[in-house]
Structure formats: structure tokens, C-alpha cells
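Undergrad: Those sequence lines, one after another, are chains V and L.
The first sequence begins at 1 in the numbering used here and counts up one residue at a time.
The second sequence begins at 510 in the numbering used here and counts up one residue at a time.
One or more of the hints may lead you astray.
[To be verified] As a list, the in silico BS3-like pairs of lysine-lysine whose alpha-carbon atoms are at most 25 Å apart: (1) 743/L <-> 722/L; (2) 389/V <-> 429/V; (3) 317/V <-> 722/L; (4) 583/L <-> 669/L; (5) 237/V <-> 538/L; (6) 669/L <-> 810/L; (7) 144/V <-> 96/V; (8) 543/L <-> 743/L; (9) 550/L <-> 743/L; (10) 127/V <-> 87/V; (11) 843/L <-> 238/V; (12) 320/V <-> 370/V; (13) 255/V <-> 191/V; (14) 237/V <-> 839/L; (15) 688/L <-> 669/L; (16) 851/L <-> 237/V; (17) 583/L <-> 660/L; (18) 722/L <-> 238/V; (19) 366/V <-> 317/V; (20) 282/V <-> 237/V; (21) 669/L <-> 238/V; (22) 543/L <-> 669/L; (23) 182/V <-> 255/V; (24) 843/L <-> 237/V; (25) 639/L <-> 698/L; (26) 224/V <-> 237/V; (27) 550/L <-> 237/V.
Calculated directly from the structure, the hints in this document are not laboratory data.
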Amino acid sequence: MDITSIEGRFTKLGNLWAENGIQVNLFEDKSRASSFELLTNLFRLLDNTSEIFDQLKLTLSHLHWDLRGFVGTSKDSSSRWGESEVKLKTELARVKNNLPLEAQEIAVRLLESLTLLKNEDSSYSQKLESQLLGDDHIILVTEKPRLSGAVSNFVDSLDTSNFVSVISLSTLVRFEVPNGSKVIILAAPRKISNNFMRVLALGAPVGSLTFIAPNWLAGMTPQKITQDLASGLPGVKKPIMRVSGPIFSHEMTAKEVEQFEETYLLSQEQSYKKYSSHGDVKCRLLHLAGGFVMPIEIGATRISVLAQNAYGNLEVKSKKPFTDLENGDIIFDLRNGVDDTFLTELAEARMGVNFAEYSHIRGIMKKRLKQIIQENGRQATIEKLLRSKVSTARYVDDWLNNQDFTTLRSKADWHNLLVFLKFSAAEVKRFEDLGTELRSTLISIGASARLQMAESVSARELEMVLEGQIVTKKLDDYGDADFVIGLVTGIDDNESLCEQDDIRKVMEG
Amino acid sequence: LGYQVKNAGDQEWLELGAWFYSFFELAEKLYQAKKFGHYYKRILIALPKSDLVSPALALGFSRAAYKFGDELAKNLELGDVKVGDLIQIRSAWIEQHGLATIPNTVVGNVVSITETPESRNFELSFVAGKANTQRAIRSLDSPIGEKNPEKHIRIYDVPKGTPRREELAGKGVLLEIRKIPLPVSLSQKQTWERWEHQICPTFAVFGQTTSMKECGLLEFRDPEIHGGILTLEKDSIYNAARLDTLTNDKKAHFVNVIEQISSFPIRNTPTAETLGQFPFVCLDGNAALVNLADEIILRDKLVIGLWETGSQANQEAALSTFLETATRFKQVTKLEEQLNWKPPSGVQCWGWS
Chain V
1 MDITSIEGRF TKLGNLWAEN GIQVNLFEDK SRASSFELLT NLFRLLDNTS EIFDQLKLTL
61 SHLHWDLRGF VGTSKDSSSR WGESEVKLKT ELARVKNNLP LEAQEIAVRL LESLTLLKNE
121 DSSYSQKLES QLLGDDHIIL VTEKPRLSGA VSNFVDSLDT SNFVSVISLS TLVRFEVPNG
181 SKVIILAAPR KISNNFMRVL ALGAPVGSLT FIAPNWLAGM TPQKITQDLA SGLPGVKKPI
241 MRVSGPIFSH EMTAKEVEQF EETYLLSQEQ SYKKYSSHGD VKCRLLHLAG GFVMPIEIGA
301 TRISVLAQNA YGNLEVKSKK PFTDLENGDI IFDLRNGVDD TFLTELAEAR MGVNFAEYSH
361 IRGIMKKRLK QIIQENGRQA TIEKLLRSKV STARYVDDWL NNQDFTTLRS KADWHNLLVF
421 LKFSAAEVKR FEDLGTELRS TLISIGASAR LQMAESVSAR ELEMVLEGQI VTKKLDDYGD
481 ADFVIGLVTG IDDNESLCEQ DDIRKVMEG
Chain L
510 LGYQVKNAGD QEWLELGAWF YSFFELAEKL YQAKKFGHYY KRILIALPKS DLVSPALALG
570 FSRAAYKFGD ELAKNLELGD VKVGDLIQIR SAWIEQHGLA TIPNTVVGNV VSITETPESR
630 NFELSFVAGK ANTQRAIRSL DSPIGEKNPE KHIRIYDVPK GTPRREELAG KGVLLEIRKI
690 PLPVSLSQKQ TWERWEHQIC PTFAVFGQTT SMKECGLLEF RDPEIHGGIL TLEKDSIYNA
750 ARLDTLTNDK KAHFVNVIEQ ISSFPIRNTP TAETLGQFPF VCLDGNAALV NLADEIILRD
810 KLVIGLWETG SQANQEAALS TFLETATRFK QVTKLEEQLN WKPPSGVQCW GWS
């Protein structure tokens with residue numbers, strides 16, 4: 001047991017609540033402020049009752065996030081705002097006849113402001129660069145995972161000697177920050193959700209932290225934590241934040257955008273993907289109560305089930321899915337594939353510098369593979385790979401497109417692929433070692449999730465599962481990731497087909 | 510303050526920070542408050558992570574129960590045992606191979622008694638499904654009046670809910686019997702018995718037992734208990750906190766227990782009767798709060814909720830479920846002042862009575 005880590009958590013809490021535990025560094029960014037104001041004004045004018053604007057709203061919502069937290073190199077920045085401009089133009093053209101005149105006028109001005117950003121948008125990146133001096137290990141935290149890539153590229157483009165990790169807020173609140181790391185959150189404190197702010201202020205994953213935000217986003221009282229940290233409890237104390245930089249002259253809110261996101265994204269999250277037999281991965285379907293299915297890969301050797309021991313305590317056991325699993329067994333897994341990213345982020349946080357090295361080599365690997373495909377064509381590359389004894393070559397697109405690609409499942413295939421891509425013997429060995437470390441970290445994260453699952457299921461939930469309902473659960477240490485627990489009602493004897501990403505995901509049957 | 514822990518096998522002891530002592534002290538203060546008639550009903554503590562916190566509370570409750578000398582097991586003479594009694598039979602100390610074995614115990618309901626001039630034979634029943642067994646005790650081995658722990662069998666009347674089980678391991682009974690190095694004087698034996706055989710159900714914890722048991726395995730040094738009373742150099746937190754499990758009782762004492770969330774007792778079962786004896790219950794972590802805060806069995810107990818604000822999942826559900834029942838009671842405005850207790854920096858707590 002890591003006693004120092006437990007001890008450290010209370011020390012961090014004490015430090016965070018001390019003077020200067022939380023700092024807010026503000027800066028001016030008039031161009032983005034203007035774009036943001038136009039965006040929120042336009043959003044307000046869109047009819048809430050008509051679905052015709054949903055796509056436009058989604059585009060504006062993405063743009064709103066970029067304005068809040070995108071930081072990139074000048075090239076990335078130009079291309080991001082350029083893409084946003086094109087996308088917005090397309091959406092506006094689609095709904096033009098339904099847009100009120102006032103909205104049309106604002107839309108034109110918003111497009112103009114994006115053109116300006118495309119040409120010049122350096123306030124945020126300059127501010128960030130100025131903060132990356134002096135500390136050996138810096139953890140940059142973005143509000144959304146989709147903002148992390150550009151920030152990483154930006155950091156890579158700088159000639160900094162320190163080690164900088166880029167993670168999302170949801171990862172920060174789940175992992176143990178190494179002592180001595182400087183944590184910078186690229187967000188305005190008041191924009192952080194209640195849930196996240198509660199973890200930051202009362203849960204202290206770090207002993208000190210700095211927010212960097214444009215002043216227009218931080219509001220007129222940036223020193224106050226405005227979130228309701230404990231709804232229903234009187235007299236909740238909050239730490240004080242120390243603010244530096246200019247304070248904005250008036251309030252700017254984006255309530256409509258945030259509300260749309262909450263309802264729209266929630267409705268997306270709540271549905272299960274429908275199983276269809278498209279795809280080229282062979283599987284067998286596990287049928288679960290409630291009409292759900294879970295595609296299991298052919299050759300699968302283990303699946304986790306929850307079982308009660310002699311004293312009524314729940315335990316996790318492993319069964320062979322096609323020979324030992326029986327109707328009435330209780331299985332559990334992540335609810336959908338999107339959540340895989342969070343596992344990788346946790347692994348990244350745990351592996352630290354080794355993940356950075358792994359990620360770097362993975363980038364080279366993908367680049368070389370893409371180059372070969374460009375030169376020879378996809379089919380010819382697959383044939384070459386097959387001749388080089390990479391038996392799973394037909395999945396080459398998955399390897400390239402999967403952001404969280406780890407290693408090939410077969411060790412021999414993995415080795416042969418790296419040799420094929422002309423890595424030196426030492427590099428092959430290093431990448432194999434790092435890949436093994438990553439896989440075993442992922443396995444260990446999964447194992448501790450399974451243990452936590454067994455210990456957090458209540459008797460009532462167990463009863464619901466046994467009655468044939470699917471129960472979804474969040475685990476204390478796994479953030480927003482949903483796990484499902486379901487009762488096995490049958491296993492197909494015949495093989496089916498599915499997409500690679502569908503394997504071991506609960507789907508509507 | 511001198512509380513030290515280390516992983517078994519580590520060389521270095523680690524002095525725990527004031528936060529640990531603070532929870533230890535909270536438990537002692539709550540125990541004391543109850544003794545003096547302050548009936549708190551709900552306490553919510555917002556803290557980053559609950560690891561080691563419920564064990565710290567258990568240590569505090571264990572020490573308080575010992576120091577106040579509360580003992581619910583009452584001496585019973587062999588001849589006074591009646592059918593229907595729930596009794597504990599405690600053997601004498603055994604000394605061999607350089608070790609003294611702390612007396613083992615059997616707890617069962619007396620369903621019939623047969624007598625001979627020299628002895629009484631009790632038929633004892635245990636939990637449903639477990640066969641009754643006979644225990645014959647000679648008057649010679651349990652004479653009337655004061656008994657010598659080194660050679661006499663002792664019988665005690667124990668409160669209902671005391672876990673019933675045989676004194677021998679096997680057939681599903683997993684016992685943990687302690688042995689201590691010789692020499693052990695008679696007065697030391699009596700001290701050990703007051704510690705190891707205390708029947709004073711105090712604190713029940715529901716949560717993630719694996720993590721709690723991991724904490725329990727840590728070696729621990731409490732200068733007062735280990736240095737002053739038991740004359741041990743160290744002990745595990747599990748032993749020092751006198752923890753056991755509700756569903757599978759392994760130790761002679763009946764003081765503190767931990768249990769999985771899914772094993773929370775169903776009403777009108779023997780385990781529910783056992784839980785009924787505990788005045789203090791801890792719901793350790795958000796999952797425990799979400800799932801158990803509204804359990805009717807907890808209505809009249811002092812429930813301590815450990816709300817893990819360092820874990821993102823279930824935060825709001827944990828808080829709202831806890832508040833649903835807590836707000837039926839009257840909020841205590843200055844809990845910390847009333848208890849004369851200072852929480853660790855950044856940790857907040859609320860109380861209802």
C-alpha cells in the first residue's frame with residue numbers, strides 16, 4: 001500500500017487551501033472576445049424548437065470550445081480557424097432560408113471575425129509560452145480531450161527543456177500528480193463544472209494549481225469559486241484564488257450553448273449503439289437480458305463475471321466465454337467504445353515519461369506506414385505486410401485511425417511490423433518493452449476497476465440485474481466512464497460479424 | 510503524537526500526519542459524546558480520499574471502547590445457564606512451544622441442557638443451516654466464584670446479535686487465534702482478555718473492503734495501547750482496530766466490523782440483528798453513500814458518511830442520498846466546537862442530531 005500517497009493527499013489539500021494555493025493568470029484577447037460575443041448572440045437567435053438548427057448549433061458549440069481553449073502553433077491555429085470558417089459557412093448556407101435577418105447579419109460578422117483569427121491569433125499561445133519556463137515538470141490541462149492534440153503540437157514546437165505533459169481535466173482529477181509538478185489548467189475557473197471544481201478544490205489532486213484564461217472568459221469576480229460545491233449543505237468553505245492580470249469590464253455568458261450541449265450530448269450518450277452485422281471482424285454474440293448483445297472476439301479466452309461467495313460477498317471471477325459461461329452469469333464491461341480513451345489517458349498518467357516516449361515512437365511508426373501506403377497503395381502495402389509475416393495486415397486502417405492504438409495483439413505480428421517499418425533492433429526492443437508496459441498498465445487499470453466493481457455493487461443493484469435489467473454504474477476512481485452489468489441469457493453457437501470497435505461493447509440487439 | 514505505520518517488510522516507519530490523528534480523535538470524541546448522552550445521528554465528512562480514514566476511525570473507536578471498559582459480556586455460572594440463553598464459552602489459556610494462545614471461544618444459543626452430577630451438557634445452535642453441537646463442561650473446569658483464566662472455562666451471557674460460531678476452524682469457519690510469546694503473567698493475560706475478548710459492538714464500516722483490508726495489513730504502533738497496555742512492539746491496523754467481518758466472524762472480540770456494500774444485511778436476518786448492535790456506522794466512499802445511506806436499518810444509528818470529493822464519480826448522488834435522510838434530523842450548527850475537534854485543513858464536516 002502506498003502510504004506516502006495517502007499522506008500526500010491530505011498534505012496537498014492543506015497546501016491548496018493555504019494562501020496562493022490557487023492562482024488565476026488572466027490576459028487580454030480582444031479578437032476571441034469579439035468572436036465569442038458574436039457566437040453567443042447568434043446562438044440566442046436560433047429557434048430552440050426546431051431541429052433544423054441542430055447541426056449548426058453543434059458546429060457553434062465546437063467553435064465555442066475552440067474559442068475557450070484552443071492553443072496551437074500559428075500553422076495549426078490558422079488551419080483550425082480556417083476549417084471552422086468553412087464548416088460554419090456550409091452550415092449557414094444549409095439553413096439560410098430559416099435564419100432570421102438579424103441572425104444572418106451576426107453570422108456574417110462572426111465569419112469575418114474567424115477570418116481575422118485565421119490570420120492572427122497569438123494571445124493565448126504567447127501567454128502559455130511565458131508560463132512554460134523554469135519548472136522541470138509541467139502538466140498542462142485542457143478542458144476537453146479534443147483540445148489536447150493541438151496543445152501538444154504547440155508544446156512540441158517550442159524549444160523547452162522541461163518535460164511537459166498534456167492531459168484533459170477528466171484525467172487530472174483521476175490520477176496522482178507527481179510531487180513537484182506544476183499544474184496549469186487552460187480554463188477559466190468559473191467555467192469548470194461543479195463536479196470538476198469540487199474535485200479540484202475539495203479533493204486536491206494537486207497541492208497548487210494555476211489557471212490561465214482570457215479575461216473575457218473569467219468574469220468580473222475571478223477570485224471567487226462560484227460553483228455549488230455541496231448542494232444542500234450550508235456553510236461550505238471554499239479556498240480563495242489569487243488573481244493576476246487585467247479583469248474584464250463586463251460579463252459574457254454562453255448559457256444557451258452550454259445548455260444545448262448538456263441536453264444534446266446527454267441524449268447521445270444515453271443511447272446504446274445498435275448492433276449490425278456489418279464489419280469484417282468475426283465474433284460470437286453474447287446475449288444479455290433486456291435485448292442487449294455483446295460481440296466477443298473469436299478465440300477469446302476470458303471474460304469477467306461477478307459471483308457471490310459462500311458468505312454472500314461479491315467476487316470477480318474469470319470464465320472462458322464459449323465453454324464455461326452459462327445463462328444466469330453476470331458479466332460487466334465498459335458501456336461503449338468512446339470510453340476507451342479514458343483508459344489510455346489513465347495509463348498515460350501512470351506511465352509518465354515512458355508514455356511520452358512510446359507516443360513519440362508511435363507517431364514515427366504511423367508516419368512511416370502512411371508513407372508506404374502513399375507510395376505503394378493500400379492493397380500492395382497489405383500484401384507486402386503479409387509477406388513480412390504480419391498476419392493481421394488487413395486491419396492497417398484501424399492501426400492508423402485509432403488515436404489510442406497500443407500494439408498489435410499478436411507479439412509476432414507486432415515485432416514483424418516494426419521490422420518491416422525499418423526500426424533498428426534497439427528501437428524494436430524499446431518499442432516492444434514500452435508497448436508491453438502500456439498493455440500491462442491497461443490490464444492493471446482494468447483489474448482494479450473489476451475489483452472496485454465487485455465492491456461497489458449493492459444488494460439492490462444485484463437484484464435488479466438478476467431480474468433481467470441492465471444496470472449502469474460509475475466507479476469512484478473512473479470518472480464519468482459507465483460500466484454496465486448484465487445477465488447472460490445466451491451465447492450464439494454461430495459466428496457473426498462486427499466492427500473492430502464493437503468487440504466487448506454492450507449494444508442493442 | 511507517535512502513531513507510526515509501515516508496510517510489512519519495510520524497514521522505515523512513517524509518522525502519520527495530523528490528519529490521521531484527527532480522525533482517530535474524532536472517533537474517541539464521538540464515543541465519549543455518546544457516553545455523555547449526546548445523540549448525533551448523521552455526520553458527513555468531505556475529504557479527498559477515504560483510504561486509511563475508516564481504519565483511523567476504527568482505531569479511535571477501538572481504543573475508546575477499551576479505555577471506557579464497556580463490556581457487554583456478563584459472567585455466568587455454569588449452573589445458571591438456561592435454555593434460550595446466548596452464551597459464550599471461553600477456554601483456558603494454553604502455553605506451549607514458547608507461546609501463549611489466547612483462549613478461543615464458542616458462541617451459540619442454548620437449545621437444550623442435559624445434566625450429570627459432575628457436568629452440564631449444552632446443545633448449542635448456530636446460524637440457520639449449521640448443525641447444532643454439544644459442549645459438555647465439568648463443574649471442576651468451571652467452578653463457582655472467581656475463575657482462573659489459566660485453567661478454568663468461563664461462560665458469559667452475551668447480547669443478542671453477537672456472531673454465533675464454533676471455536677474450531679474448518680467447515681466454513683475461518684478463525685484467527687492469536688498467540689503471544691511467553692512469559693505472560695496472569696495480570697497480562699487478564700489485560701489481553703479484556704482486549705481480545707471485549708464484547709462491545711461499536712463501529713461498522715461498509716465500503717470497499719479490499720482497500721480497507723490492505724490498510725488493515727499495515728503495521729501500526731500506538732504508544733499507549735501497544736507500548737503501555739499490551740506490551741507489544743507493533744500490531745497490524747486490523748488487529749489494533751479490532752476489526753472483523755459481519756458475515757464471517759473470525760475473532761473472539763466483537764467491537765468493530767467491515768463489510769462489502771453488497772453484503773449489507775437484509776432486514777430480519779441474523780446479520781441484521783448483529784448490525785443492530787452497532788451504534789456507529791460508517792458509509793465509506795461515494796458508492797456506499799449512494800447505495801446505503803437510505804437503509805432503514807440505519808435510521809437510529811450515528812451514520813458517518815465519508816464523502817470522497819477526490820473521486821469524480823457519484824459525488825452528487827452520494828451527497829443527495831445522504832442528505833435525504835440526514836435532513837430529517839436537526840442540523841448541528843457548530844459540530845466541531847461541540848466536539849472540541851479540529852478537522853484537517855481543507856476537510857469539512859457537517860452534523861445532525
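Undergrad: Verify the proposed pairing of residue 669/L with residue 810/L, using a straight-line Cα cut of 25 Å.
TA: At roughly 17 Å apart (the allowed maximum being 25 Å), residue 810/L and residue 669/L satisfy the hint.
Undergrad: Are the Cα atoms of residue 583/L and residue 669/L separated by 25 Å or less?
TA: Given pair residue 583/L, residue 669/L holds - Cα atoms ~13 Å apart, limit 25 Å.
Undergrad: Holds or violated: residue 550/L and residue 237/V, Cα atoms, limit 25 Å.
TA: Roughly 23 Å between the alpha carbons, so the hint for residue 550/L and residue 237/V holds.
Undergrad: Is the hinted pair residue 843/L and residue 237/V satisfied, with a Cα-Cα distance of at most 25 Å?
TA: Distance of about 14 Å is within 25 Å: holds.
Undergrad: Take a quick look at whether residue 583/L and residue 660/L sit within 25 Å of each other, Cα to Cα.
TA: Holds. Residue 583/L to residue 660/L sits at ~19 Å (cutoff 25 Å).
Undergrad: Keeping to a limit of 25 Å between CA atoms, is the pair of residue 255/V and residue 191/V held or broken?
TA: 11 Å, holds
Undergrad: Keeping to a limit of 25 Å between CA atoms, is the pair of residue 320/V and residue 370/V held or broken?
TA: With Cα atoms ~38 Å apart, residue 320/V and residue 370/V exceed 25 Å; violated.
Undergrad: Residue 237/V and residue 839/L: Cα distance at most 25 Å?
TA: Given pair residue 237/V, residue 839/L holds - Cα atoms ~21 Å apart, limit 25 Å.
Undergrad: For the pair supplied as a hint, residue 550/L and residue 743/L, is the alpha-carbon distance within the 25 Å limit?
TA: Since the Cα atoms of residue 550/L and residue 743/L sit roughly 34 Å apart, the hinted pair is violated (cutoff 25 Å).
Undergrad: Does the structure keep residue 743/L and residue 722/L at a Cα separation of 25 Å or less?
TA: 17 Å, holds
Undergrad: Measure nothing beyond the straight line between the CA atoms of residue 543/L and residue 743/L; if it is 25 Å or shorter, mark the hint as holding.
TA: Violated: residue 543/L and residue 743/L sit about 30 Å apart, past 25 Å.
Undergrad: Within 25 Å, alpha carbon to alpha carbon, are residue 639/L and residue 698/L?
TA: Violated - the C-alpha atoms of residue 698/L and residue 639/L are around 32 Å apart, more than 25 Å.
Violated hints, listed in ascending order, are 7, 8, 9, 10, 12, 15, 18, 19, 20, 21, 23, 25; each of the other numbered hints is respected by the structure.
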